[in-house]
Amino acid sequence: MSINFYKEIIDNYKNLYETKEGYDTKIYAGEKQNIKEFHVHSFILKTQSKFFKSAFTEEIQKKDGYFILNLNYSPKIFEILLSYMYSGSIDITKLQPFDIINLLLPLDELGLQPLITYIQKILIENYFDLTANNVIETLELTYQKKSFDKLWDFNIQRICYNPDLLFKSTKFLTVNPSILEIFLKRDDFCIDDEIIIWENLFKWACGQNPVTHQDINKWNKNDFTVMGRRLNRFIPSIRFYNISSEDFLLKVYPFKELLPNDLINNIFAYHMVPNNRQNIITQPYRKSHSIIINSQHFAIFASWIEKKNSSYYNEKNIPYKFNLLYRASRDGNTDAEFHKKCDNKGPTIVIARFTDSEQIVGGYNPLDWKPVYSYNGYYKSTKDSFIFLFTNKSNLQTAKASYPIDENQIYSIWCNPCCGPTFGSGNDLLCSNGNWSSNQFTYHKIHFPSNFNINDYEVFQIKK
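First residue of the sequence shown? That's 1 in UniProt numbering, and the numbers climb one at a time after it.
Among the hints, a few may not be true.
To be verified - As a list, the in silico BS3-like pairs of lysine-lysine whose alpha-carbon atoms are at most 27 Å apart:
no. : residue 1 : residue 2
1   : Lys321    : Lys94
2   : Lys121    : Lys94
3   : Lys53     : Lys7
What the hints assert, rightly or not - Have a look at the derived ranges for each label pair, beta carbon to beta carbon:
no. : residue 1 : residue 2 : range
4   : Asp262    : Ser450    : 50 to 60 Å
5   : Lys150    : Phe452    : 14 to 24 Å
6   : Thr174    : Lys146    : 54 to 64 Å
7   : Lys221    : Phe268    : 18 to 28 Å
Since the hints were made in silico from the structure, they are not lab data.
Keep in mind it's a predicted model, so treat the numbers as computed, not measured.
All C-beta atoms, glycine included, are put in the ideal place defined by N, C-alpha and C.
Work the whole structure out from these sequences, hints included.
See below:
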């Protein structure tokens with residue numbers, strides 16, 4: 001029979017760390033006035049760390065009987081790492097939140113992969129706001145480091161989903177150009193209007209050292225040369241053809257000397273001769289996200305789809321993808337355009353914003369919007385659809401959802417080709433030629449106003 005005495009052995013190593021008995025190495029951690037001397041055992045460090053195993057095999061000469069090493073780590077962080085190497089445990093409660101991010105570089109250099117995996121998990125699951133507020137620093141630390149692939153991928157995805165984390169960061173001007181280029185090349189960088197990318201890229205370029213004034217009227221010949229060099233690598237990633245003719249003329253064309261002449265000519269031809277566009281190679285629109293709601297609302301929708309009464313999803317564990325199919329203000333606020341974009345797309349959710357109000361309404365269609373006339377007219381039956389109301393979209397506690405009344409579920413969805421998205425018979429929520437109204441019959445009442453003005457609405461395809 002085999003018996004394990006792990007605890008006793010670990011306790012012995014802990015005691016060895018605390019008493020320093022038989023230590024053969026002195027490590028000076030820190031810099032300038034913040035340096036601390038640590039007494040440790042080389043055989044422990046070599047066993048736990050690839051870095052130390054390599055360091056001690058390079059025949060470091062002893063001085064007065066001790067190995068001497070200098071490390072540029074803060075004493076507080078290095079003490080936590082030493083405790084881990086001796087005992088296999090770590091107490092990050094001793095660290096300030098930002099110090100947890102500062103653990104990443106020492107962990108990578110020392111080759112402590114199990115701890116790297118753990119810290120990434122902790123940062124992603126328990127320090128969501130911390131990594132959001134320090135997203136530039138976290139990107140820089142994890143860039144091109146395979147050890148940090150989970151944290152890198154997590155931050156790439158969250159910035160693609162919410163580009164303001166990048167563009168509105170106080171550290172935006174310091175971002176590595178290679179990292180910035182990664183985002184500009186992505187189709188899923190969720191920017192509603194390409195001119196926003198150009199404006200932020202221009203701001204970034206002006207902010208590099210030496211700083212260039214943003215007013216082109218104050219530029220000299222050297223400024224044009226410098227700015228052209230800074231922007232050159234990014235030009236192929238900007239989807240200029242997706243910028244409106246007005247924005248291009250007012251916000252891009254003044255800087256024509258920074259762009260290739262053939263690009264300028266092709267863009268003018270694209271806008272002036274629309275019937276000849278098939279001869280111009282353009283990039284697709286970026287996958288856009290909502291200008292009405294944020295990821296917290298999508299988490300609530302995901303929970304309603306699964307009829308959760310508690311334990312709602314949060315931003316980190318939403319099991320669905322929401323792909324924008326249609327936005328009235330972008331694609332044209334007509335019933336025909338709605339059906340053109342949304343028919344045959346499967347499950348969708350409709351989100352409509354009140355004019356001059358924080359209220360939003362909408363509904364979930366688990367079927368499809370393609371009009372099919374049957375014995376039931378244009379109605380489609382389902383018990384899984386819902387309509388919803390937020391009396392204040394900024395206050396998630398005001399959210400209400402309503403599912404079909406059992407005996408009325410055959411009228412849950414109305415797919416009339418002459419109307420926009422419509423829920424229920426009555427109709428509970430009707431969009432027709434840009435006009436919205438409610439007369440609840442099919443769904444349990446959640447007190448929609450009978451008539452209301454909507455200034456924009458969006459439809460998202462839902463995929464799991």
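Comparing the hints with the structure gives:
Restraint check: the Cα-Cα separation between Lys321 and Lys94 comes to about 38 Å, which exceeds 27 Å; the hinted pair is violated. Taking the CA atoms of Lys121 and Lys94, the gap is about 18 Å. The hint holds against a cut of 27 Å. Restraint check for Lys53 and Lys7: the C-alpha separation of about 25 Å stays at or below 27 Å, so the hint holds. Distance hint check: the CB atoms of Asp262 and Ser450 are about 57 Å apart, consistent with the given range 50 to 60 Å.
The supplied range of 14 to 24 Å is broken by Lys150 and Phe452, whose beta-carbon atoms lie about 45 Å from each other. Distance hint check for Thr174 and Lys146: the Cβ-Cβ separation is about 24 Å, which falls outside the suggested range of 54 to 64 Å. Under the hint 18 to 28 Å, the C-beta atoms of Lys221 and Phe268, about 25 Å apart, fit the expected range.
Checked against the numbered hints given earlier, the structure breaks hints 1, 5, 6 and satisfies all the rest.
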